[in-house]
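**Q** This is what each chain is made of:
There are 2 protein chains.
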Amino acid sequence: MKALVFKAPHQPIELEELPAPQEGENEVLVRIHAAALNHRDVWMTKGLYPGLKEGVIPGSDGAGISEGKAVILNPNVNWGTDPGYFGRNYTILGMPTNGTFAEYLSIQRDRLVEKPAHLSYEAAAALPLAGLTAYRVLFSKCRLRAGEKVLISGVGGGVALFACQFALAIGAEVYVTSGADWKIEKAIEMGAKGGANYRHDDWHKILHKASGGFQVIIDSAAGDGFGQLLSMCQPGARIGLYGGTRGNINKVSPHLIFWRQLEIYGSTMGNDQEFQEMVHFVSEHKIEPVIDSVFSLEEAALAYEKMNSGAQFGKIILKID
Amino acid sequence: MKALVFKAPHQPIELEELPAPQEGENEVLVRIHAAALNHRDVWMTKGLYPGLKEGVIPGSDGAGISEGKAVILNPNVNWGTDPGYFGRNYTILGMPTNGTFAEYLSIQRDRLVEKPAHLSYEAAAALPLAGLTAYRVLFSKCRLRAGEKVLISGVGGGVALFACQFALAIGAEVYVTSGADWKIEKAIEMGAKGGANYRHDDWHKILHKASGGFQVIIDSAAGDGFGQLLSMCQPGARIGLYGGTRGNINKVSPHLIFWRQLEIYGSTMGNDQEFQEMVHFVSEHKIEPVIDSVFSLEEAALAYEKMNSGAQFGKIILKID
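Chains as they are written, first to last, in numbering that gives the first Met the number 0: chain A, 0 to 320; chain B, 0 to 320.
Be a bit skeptical, because a hint or two may be false.
Chain A side only, calculated, beta carbon under 8 Å to chain B, not exhaustive [stated by the list, open to error]:
hint : residue
1    : S210
2    : G243
3    : I256
Capping the alpha-carbon separation at 20 Å, the derived lysine to any residue pairs in SDA-like fashion look like this [stated by the list, open to error]:
hint : chain 1 : residue 1 : chain 2 : residue 2
4    : B       : K250      : A       : Q227
5    : B       : K250      : A       : H279
6    : B       : K250      : A       : L255
7    : A       : K68       : A       : H279
8    : B       : K68       : B       : A299
Since the hints were derived computationally from the structure, they do not count as laboratory data.
Treat the numbers as computed from the prediction; the structure is a model and nothing was measured.
Beta carbons: idealized from backbone N, C-alpha and C, even for Gly.
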């Protein structure tokens, strides 16, 4: 079979011809039809991901056919017994265990969930990691409800876009931020009420005034701007943090946190039940994942480059015919 | 009647002879037998409290007799309709409305709660503000359970000591920090399992190792040390922040927050139901508030000085015979 292989940090991912995998105990073979890239796939190539193992097939997101059924794959490996947080043996599909950037994958049978009928394989492959992360932070952690005002930072990324779509689907009032005006405009076309470019001066004051303050904020930047997000919160607001692309949090007023009774939730990925719920939610609300671009396995280098550039709006898909 | 009066910022609180108050609508007269100081009383004298009004009798905490019944006073004024956070008209007894540093106070009847039978007036007066703040942050926000490991920073302050006592009462494993070794020793005498002096190098590493990590942390310092508190958290830990004596939060790793699925709750004071629950909890568990010292109204300047010094261990009481 064709497969992409992680050779070593700072070396390109290589397309290789490998024997198809053997089914292990409780496992079943899946013919992957589409996969999707995540930031972690790029971080691996830079040596910036823990527990790297050479010779592994990367890829956390995938959809395909198994035993005649169209399925998408739950990327959790060994979440553990506590729904609140993953256990010590938790990993994500695609490192250190083989992932979805191949024609075939042998995987535990309980990782398979029926593909939503309204989605193509490409669209379904966009869902798992980003959809799960968005679902947990937005609903399980921040408990977003219809009619509430929610700010989603860095729209354009996979998680942020799903958060945007999920929030719109339940009838929340969505605002976004981005460093690119065109991404804000695209989000508004999708149904967001407004947005602001965080490269402009006073962006947070403008957004605060326009919205009247937020009940929920979903962020993956952290950094020096985190305090500005908090300054836009209504009393009792919930803030979900699922990443930290801008590094350490600084200059945050504790007074703002305790006086406004704010709640800050760290969140990443989600448990197996949340995965099931997320796929069901996508089916129920007929959500169509935003796809930035589709590449073949042969074009993997281009796909990785696009992911690395940060210029995408939506998921980057690998189509595996 | 005798009463302490706030004249203006940077002027001493004065003892005056005033007419006893008239009962307003739905109000009832309370003969105050004991009151307690809080940091806010000192901040007012420094002009560091919002909405200062000259000529007001300060004091948030009080216990006394009303209509023949021994009562303690709920210091919430107009919490509002949402149990999650106080509304716009919320204030705390003792500024801008007259408080407990006087022989008599006229107050809304629904502010009175029966004094726990096992407590003296002095001990009961220690409870309201600090006990309510500790109860909400520890139980309503951080959901502390028996057997869990909890770290309480800055032990010696009123809220921290109640948090310590409440946590011990339900069977949690309590650790403390302080800048003074003798306060840590006192907390250990009370039942705490261990503690560390945050002025020593590597205090957080030592405490992390001794405890194996915390499920709950209760803090009112914030500042540059907040990230060190987070570094001692077990996955899924809850952190309650009810103050910010060390100023802005800096150098906090977002990775720690999202990867360990931490929950950070801002909290201050508590709603009326929590006040009732707190007093009931104190009765049920026969908790005896820690009293640092007792002064008369005539000795108010000494009491304020002691509060300002930060040298106290427990509440500073004004006895009003």
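**Q** Hint validation: I256(A) versus chain B, beta carbon distance must be below 8 Å. Holds or violated?
**A** holds (4 Å)
**Q** Check the hint pairing K250(B) with Q227(A) against an upper bound of 20 Å on the C-alpha distance.
**A** Holds - the C-alpha atoms of Q227(A) and K250(B) are around 16 Å apart, at most 20 Å.
**Q** For K250(B) and H279(A), compute the direct alpha-carbon distance and say whether it is at most 20 Å.
**A** Answer violated: K250(B) to H279(A) is near 39 Å, above 20 Å.
**Q** Taken at face value, is the distance from the CA of A299(B) to the CA of K68(B) at most 20 Å?
**A** The given pair, whose Cα atoms are some 27 Å apart, is violated under the 20 Å limit.
**Q** Take the C-alpha atoms of K250(B) and L255(A), compute the straight-line distance between them, and say whether it is at most 20 Å.
**A** holds (17 Å)
**Q** Under the criterion that the straight-line Cα-Cα distance not exceed 20 Å, is the pair K68(A), H279(A) satisfied?
**A** holds (17 Å)
**Q** Can we keep the G243(A) interface hint, with Cβ of chain B closer than 8 Å?
**A** Check passed: Cβ of G243(A) comes within 3 Å of chain B, closer than 8 Å.
**Q** Tell me if S210(A) is really an interface residue toward chain B, meaning its C-beta lies closer than 8 Å to one of theirs.
**A** violated (18 Å)
The structure fails to meet hints 1, 5 and 8 from the earlier list, while all remaining hints are met.
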